[in-house]
Amino acid sequence: TQLLEQSPQFLSIQEGENLTVYCNSSSVFSSLQWYRQEPGEGPVLLVTVVTGGEVKKLKRLTFQFGDARKDSSLHITAAQPGDTGLYLCAGAGVEQETSGSRLTFGEGTQLTVNP
Amino acid sequence: KAGVTQTPRYLIKTRGQQVTLSCSPISGHRSVSWYQQTPGQGLQFLFEYFSETQRNKGNFPGRFSGRQFSNSRSEMNVSTLELGDSALYLCASSFRPHYEQYFGPGTRLTVT
Numbered sequence: 001t002q003l004l005e006q007s008p009q010f011l012s013i014q015e016g017e018n019l020t021v022y023c024n025s026s027s028v029f030s031s032l033q034w035y036r037q038e039p040g041e042g043p044v045l046l047v048t049v050v051t052g053g054e055v056k057k058l059k060r061l062t063f064q065f066g067d068a069r070k071d072s073s074l075h076i077t078a079a080q081p082g083d084t085g086l087y088l089c090a091g092a093g094v095e096q097e098t099s100g101s102r103l104t105f106g107e108g109t110q111l112t113v114n115p
Numbered sequence: 116k117a118g119v120t121q122t123p124r125y126l127i128k129t130r131g132q133q134v135t136l137s138c139s140p141i142s143g144h145r146s147v148s149w150y151q152q153t154p155g156q157g158l159q160f161l162f163e164y165f166s167e168t169q170r171n172k173g174n175f176p177g178r179f180s181g182r183q184f185s186n187s188r189s190e191m192n193v194s195t196l197e198l199g200d201s202a203l204y205l206c207a208s209s210f211r212p213h214y215e216q217y218f219g220p221g222t223r224l225t226v227t
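Chain order of the listed sequences is A and B.
Here the first sequence stands for residues 1 to 115, numbered as in the numbering used here.
Here the second sequence stands for residues 116 to 227, numbered as in the numbering used here.
Please note: incorrect hints may appear among the correct ones.
[Stated by the list, open to error] Covered by chain B, per the in silico footprint, the following chain A stretches (three or more residues, Cβ under 8 Å):
#, stretch
1, 43-49
2, 52-64
3, 70-83
[Said to hold, decoys possible] Stretch by stretch, here's where chain A covers chain B in the computed footprint (C-beta under 8 Å, at least three residues):
#, stretch
4, 169-178
5, 208-214
Hints in this document: simulated from the structure, not taken from any laboratory.
Where a beta carbon is used, it is the ideal one built from N, C-alpha and C, also for glycine.
I would like the entire structure built from these sequences, with the hints used as guidance.
Pasting the structure below:
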C-alpha cells in the first residue's frame, strides 16, 4: 500500500510570510499532483510534476519533485489571504496496470493566511 | 469547456436506505474515478471506470458499486447506508487513464 505523509497538518501565518509544505513517501510515484480545496468544493488541480528533480513555478508557488520521485514540496512566497485553503498532494502509482488512475492522497495541509 | 458536474450536491438519507450519485465528466474525457473524503480518513479511492469497464477498485465493501455509460457519465450506488458513509463523494474525470484528473464539486451525503 502506498502512503503519502504530508506536513504540517495545520499552518497559520501572516500575510507576506513564506511557507513550505512537504509530501513524503517510501514509495516511488510516476507523477505527483498538487491540489487546493476550498470548503464545500472539490480539489482544484494546481500542478503535476513527473520527472525526478523537476521544479515548476506558478506565480508565487514553487513545486519540486524529489530526485527519487518519492517526495515533493510546495513553497509559497509572500502568502496572501487568497491562498487560504486545504492543500493536498496526490501520487500516481508506478505500476500503472494495477494502480490505474488511482491517486494516493496525503492528509492535507490546512493553510490560513491572516491579513 | 464545462467542468465536471455532480448531482445532487447535497443529500440526506436514513440508515439502511440506498443512494445513487451521478457524475458527468468534462466533454471528451472518458475516464471517471470516484473518491470518498472524510475528516478522519481524507480522500480514499473508490473505483475507476474507462470505456464502461471498471479498471480498478479501492478497499471498500461491496455495498459500494458503480457503473459508466456509453456517454462516459458515471453513477455510484451505496446500498444499506451506514452512519459511517456520511462523507463528501468526489468524482474526477480525465481524458483517459493515467492522465491528469479534474474533480467535480462533490456530493455531500449525510446519513442519519
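Results for each hint:
1. 43-49: holds (count 4)
2. 52-64: Three-residue rule not met by the stretch 52-64 of chain A, so violated; n is 0.
3. 70-83: Check failed, 0 qualifying residues.
4. 169-178: Satisfied; 3 residues make the cut.
5. 208-214: holds (count 4)
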